[in-house]
Amino acid sequence: MNNALFIISLQHEIAMAIGNKLDLKDMLKVFLKVCFNRLNLTSGHIYMYCDDNGLPIKLATQQSAPHQHLLSIPKMKDGQASCADRELSSFVKELDEIQQPHSFQCHNSQYLFGFIIPQQGLLIFETHYPLEDTIQKALTPILQKLATSCYSSIVHDSLVQEIHSREVAEKQVIYHAQHDGLTGLINRQHLNNLLDHAITNAVFDSHSGSVIFIDLNKFKPINDVMGHTIGDQVLLSFAQRLQSLANENIDVARFGGDEFILVIKKLPDDHQRVIEQTIQKINKLLSVPIIFESNSYKLTCCIGYAIFPQQSSDVTNIIKFADIAMYEAKKANTLQGMQYHTDMSDKINKRLAYSDAMKQGLTNNEFKLYYQAQYNHNGDIIGAEALIRWAHPIFGMESPSIYIPIAEETDLILDIGQWVLEQACRDIYQLEQKHLPTTFRNIAINISAKQLIQHDFQSLILKTIKSHNIIPSHLTLELTESLLIENIDTSIELLRNLKAENIGCAIDDFGTGYSSLTYLQRIPANVLKIDRSFVTNIDQSNESIAIATMIISLGKMLNMEVLAEGVETSAELECLKTLGCYHYQGFYFSKPMPLPELMSLLDDKNSGKS
Amino acid sequence: MSSVLFTWHNNGHSISEFESGLKLALSSDASSLLILACQDNQFTAPQINPLLSACPLPICGGIYPQLIYKNQLMEQGCIIIGFEQEVDISLIRQASKLITDEQLVEAIEQTSLMNAQVSSNGSLLMFYDSLVNNTEDFLDCLFECLDYQTNIIGGGAGNLEFKQTPCLFTNDGLIDDAIQIVALKSKITTAATHGWQILKGPFLVSEVDKQTVMSLDYQPAFSLYKDEIESISSLRFDESNFFEIAKNYPLGIQGINNQLIVRDPVLTKDGYLQCVGSIPVNSMVYLLKGSSDSLIAAAQDAAIKATTNLDASADKIDFSATMVFDCISRALYLGDKFNLELDSISKHTSEQTLFGVVCFGEITNSESGAIKLLNKSTVMGSW
Chain A
1 MNNALFIISL QHEIAMAIGN KLDLKDMLKV FLKVCFNRLN LTSGHIYMYC
51 DDNGLPIKLA TQQSAPHQHL LSIPKMKDGQ ASCADRELSS FVKELDEIQQ
101 PHSFQCHNSQ YLFGFIIPQQ GLLIFETHYP LEDTIQKALT PILQKLATSC
151 YSSIVHDSLV QEIHSREVAE KQVIYHAQHD GLTGLINRQH LNNLLDHAIT
201 NAVFDSHSGS VIFIDLNKFK PINDVMGHTI GDQVLLSFAQ RLQSLANENI
251 DVARFGGDEF ILVIKKLPDD HQRVIEQTIQ KINKLLSVPI IFESNSYKLT
301 CCIGYAIFPQ QSSDVTNIIK FADIAMYEAK KANTLQGMQY HTDMSDKINK
351 RLAYSDAMKQ GLTNNEFKLY YQAQYNHNGD IIGAEALIRW AHPIFGMESP
401 SIYIPIAEET DLILDIGQWV LEQACRDIYQ LEQKHLPTTF RNIAINISAK
451 QLIQHDFQSL ILKTIKSHNI IPSHLTLELT ESLLIENIDT SIELLRNLKA
501 ENIGCAIDDF GTGYSSLTYL QRIPANVLKI DRSFVTNIDQ SNESIAIATM
551 IISLGKMLNM EVLAEGVETS AELECLKTLG CYHYQGFYFS KPMPLPELMS
601 LLDDKNSGKS
Chain B
1 MSSVLFTWHN NGHSISEFES GLKLALSSDA SSLLILACQD NQFTAPQINP
51 LLSACPLPIC GGIYPQLIYK NQLMEQGCII IGFEQEVDIS LIRQASKLIT
101 DEQLVEAIEQ TSLMNAQVSS NGSLLMFYDS LVNNTEDFLD CLFECLDYQT
151 NIIGGGAGNL EFKQTPCLFT NDGLIDDAIQ IVALKSKITT AATHGWQILK
201 GPFLVSEVDK QTVMSLDYQP AFSLYKDEIE SISSLRFDES NFFEIAKNYP
251 LGIQGINNQL IVRDPVLTKD GYLQCVGSIP VNSMVYLLKG SSDSLIAAAQ
301 DAAIKATTNL DASADKIDFS ATMVFDCISR ALYLGDKFNL ELDSISKHTS
351 EQTLFGVVCF GEITNSESGA IKLLNKSTVM GSW
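Protein sequence lines, in the order shown, are assigned to chains A and B.
The numbers in full-length UniProt numbering rise by one with no breaks, and the one at position 202 of the first sequence is 202.
The numbers in full-length UniProt numbering rise by one with no breaks, and the one at position 7 of the second sequence is 7.
The following block holds chain B by itself, in its conformation from the complex:
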């Protein structure tokens, strides 16, 4: 079992505070460490690398805009989690250079992930540099290589400046452009929700290049998007407020059973909409809307699902931890009300350690088992 044995968090942003937390972790009986840090700590590689490389235990984790500890949103500080058993950590460096499926599969097959033979009782955590440019291709190949229905949860690390900086913790120091996959020896109970609802549509995605939607219903994408939003609200787009408005109106790709995969438009250029995550050509998309209530309710649904033991015969819940990957755009959208989302989650996790990150892109299995990159969603897992 990869039960959580040690937990430490601190809201201080100094290296010395982190160092003291690390010392405590090392003096515990933990076999591996998960380190999460806030971007506002402004840890640099020269400061932190000596501590990481001197650490005798396997290290994983990353730097995120904000962290979650119980119902608290941390703007600064660190969380250190110590696992009871040593976890297997696979690292794929220079991930953006892996372009073809063959290269991706080869990189995956060369990791210890394949040797670790993630069993049906095992699960994966995934930490990655959110500016790796081929995350979805990687996920497709990972799913192809892994055993049937291996559960996974994860989220993109990085900073709100969208500038690539070292953001993953390894025993070799902080690194960028990499993907880290941590094999736990426990089964994770996962859940993913978003709370966004259909406002208008569907629209046919008539022209697209991966994450850039060029036309919807054969019209320039931004033009249609703008007209639709301005027709149902008093909001008006100008040259500088795209994201301010767009964060309220994501797109949703219609799936086979009416489920929606949310795609977050983050900028417009040349009349196109640039999203986080790809949108297939010829697919149908909807314009979505949300509300604080719907988002918070959805987060609570995820919390209930992720903390309910699937084994109905078990008479008590015996999870040691629940980890949350909550989208940064939800925090931005909810603002002060984001604490309500955390409250709604934490009230279902009184028995176990609740921690998590506010991230760029969330990873989990769809209902079918395939591994998906989500936007504007709350992904949770308990083990």
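Only chain A is shown next, with the shape it has when bound in the complex:
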């Protein structure tokens, strides 16, 4: 009676140990531990039937599959894994073949008892005593229950695996939605969310934070000259360095192109110190050149920053303010970083209004072309430089030194450039209708950087010349030395093509760009214009004389004419003549004047009045 009770209690206890965990291995471990304690085992082992990927499966009827070791208690025997025991291995093999309960007495007098977990695997007990038949039989219904539980766990495990895979996929989707594809930094959209959250916290907790806007200087030439692959690598290297500043309080994002943003979520009371330290750290990151494919790239950056919520609690505005401050830092050519001030916005707003007024001015024909005649040493007019003037309805005559840089910041310079080209061609046409002096060669117009890099600039010029039906050689282009050098390949190709069409080129402001002779030799220009800074008081400055002499020799060497700008006195003229410069432009000869006045001047020259 007691034995029957014992077996029932044993059966009950072991059965109750099944299915207590969802994970297959955990579930079987609980089961094996209870068997261990209740059956006084020496060791216990479980093998499962597995698919080709080594994952446990439930066998279909008549199906066979290899078994794999899943679990042993204890794990080790004689310094190796328990399952590596030779007697155990051959017993397991035999058990799998006969597919029914089996026992074996080992050489050390221990016993092995094997059971089949139906359609799932094999269960092996090692004991120091023979397990009674009644107990072995009592285990049979338990094994069926264990098989059912194994199957549930396998299904559970595969669901867990599926959920895990889905979570991984979802995480990837979320990651890609929130991070920049190239650098892995937070992208602009996610930055907006994080910043919004940081601003809300700052308002709620009454603390400050900062948006630091970083723009790499002269990154574009790397992309243009070395190609986008190198450019991307440089951006990636910088992003990785910048990421080293990220922590719980600092988010690092790529805003776009070569622009990056750091958000400091919480600043201490002495926030200026922390921001300055951060800016120093950013600059330090760039102090070591970026090396890629044995090329070294030394970069700098401009930094602007704004404080939230004090300067704004709006995400778009605070980023815009930091951007404006960065822009000001760039203009000021400083690496120290600049904090946003409202006057910066005022300035920008004024610029925008000014820009609008310029647009309006173009429409309302407020712009005029003035011409400053150019002379040879005999006093003959050899041409003129077209200079734009804006008669503002309120401010009167505006200086080009104010509105041209503003126009250059926007695409308005293209509109203005095109207007100048059209108007100059119209005026040239008018001049051509007159009897021009034989010495007269051309009208020069100034070309801006943005015009030069327009992909259709050449065809625009040729088309305009054609449409106005003028002689191409009557138009010449003036490009500054620095503009030519920055866009050397484009410039050379363009000028060569235009030269073939008899359109000339003058290099403006020569002497200020320190261009190398090698470059200069390649530029198919006709004229070198000595910058006015070397002409003013040249008669009193040995240094200016030396530079002018050098430019004049260079012109001779490269077969270019040399024209001195800004000649204002006879002493300057005489000095230039002595040095061998025979073409001039400047107030000494004539001021810039409207076309009718130029035409009168030419008439006078023709008639020998002056």
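Hints in this document: simulated from the structure, not taken from any laboratory.
Don't take each hint at face value.
[Unchecked claim] Cut-off 20 angstroms, straight-line C-alpha distance, at most; resulting in silico cross-link-like pairs (DMTMM-like, lysine to aspartate or glutamate):
hint	chain 1	residue 1	chain 2	residue 2
1	A	Lys29	B	Glu109
2	A	Lys77	B	Asp147
3	A	Lys25	B	Asp137
4	A	Lys77	B	Glu367
5	A	Lys29	B	Asp101
6	A	Lys93	A	Asp52
7	A	Lys145	A	Glu162
Assemble the complex: chain A is given as a structure, and chain B must be docked to it using the hints.
Just chain B now, with coordinates in the frame of chain A:
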């Protein structure tokens, strides 16, 4: 070999006496020290820690209610044992915070125990704070991680006030809530007996939560326990005498081959029986009884078994030490007759140093090899 090279004991309870013993141990050729102290010495951490941290040799051991030296029961004093070779001591701190099997296995695998690779010729001594609340889970995981059939003996340290105080000796000082495992480079011959016999049963453990038995045969556990004892004796339970009566009537879990694992009911609350050591649900338990004679005879059996060289070809016994872990409840049950138990043990250990502790819970391997927490038992090991 981890033979005992140095032995010192003293019945004095002062720190200075302990310090002089420690000095002697350090002047010997011992490579590691096992320190055992009586709770009545009332050593405190501030007193003893400077001595422990200044000790250049690896230290292990603990504070126990009483110590055993030869056939003498020590109420006060210390025993210092010096091992010939340095022993590897693994320490698991904050053991009660290790709750899951994963945490326990990780803690074990991080100890030097795994690096020490206890070979088939090595054995373990285990000293632990008896108020660590997951000792049996720890033992299961230890068995799982250790090599097949590594012999181990051990016992729970602490005090009779059942208040957690620092009770393990380490080179960092006295600590609590920890388990210390000492890897000897000698094979231990172990034995464990209890001498308790079936009085009534079996009863089905119908409801249990680890060490708390809620119902037996679907009846409130204490109610059944009380009725059964009162029906066969003149003893009557009242509000204050539970342990006085219960120490005579432990429970015994029936194992597969009719062996009994003793579980000591130490208190009753809300009609439940709180035992030292877990009792599985759906297992069968018996009400046990003992007698001085049966307990003493059992202790003698253990002594004979633990001091018999398993190598039949060896012509002489060459153990250097025999260590005893005897349950405090046996000492309480036997009272003055506990000395007879010690006599019955010591007469089999004339050649080697006999020492030990009276402890809370005894640890050893079962016949199958698994590591078990025992109650009311005598565990012995010779090496």
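Checklist entry - Does lysine 29 of chain A pair with aspartate 101 of chain B here, judged by a C-alpha cut-off of 20 angstroms? => result holds (10 angstroms)
Next on the checklist: Holds or violated: lysine 93 of chain A and aspartate 52 of chain A, Cα atoms, limit 20 angstroms.
Outcome noted: Judged against 20 angstroms, a Cα distance of about 19 angstroms means the pair holds.
Checklist entry - Between lysine 77 of chain A and aspartate 147 of chain B, does the CA-CA distance stay at or below 20 angstroms? => result holds (5 angstroms)
Item to check | Distance restraint between lysine 77 of chain A and glutamate 367 of chain B, which requires alpha-carbon spacing of 20 angstroms or less | outcome: holds (17 angstroms)
Next on the checklist: Next pair to validate is lysine 145 of chain A with glutamate 162 of chain A; report whether the Cα-Cα distance is within 20 angstroms.
Outcome noted: violated (26 angstroms)
Next on the checklist: For lysine 25 of chain A and aspartate 137 of chain B, compute the direct alpha-carbon distance and say whether it is at most 20 angstroms.
Outcome noted: holds (18 angstroms)
Item to check | Pair hint lysine 29 of chain A and glutamate 109 of chain B, alpha-carbon separation not exceeding 20 angstroms | outcome: Measuring from Cα to Cα gives roughly 18 angstroms; hence the hint holds.
When held up to the earlier numbered hints, the structure conflicts with hint 7 and nothing else.
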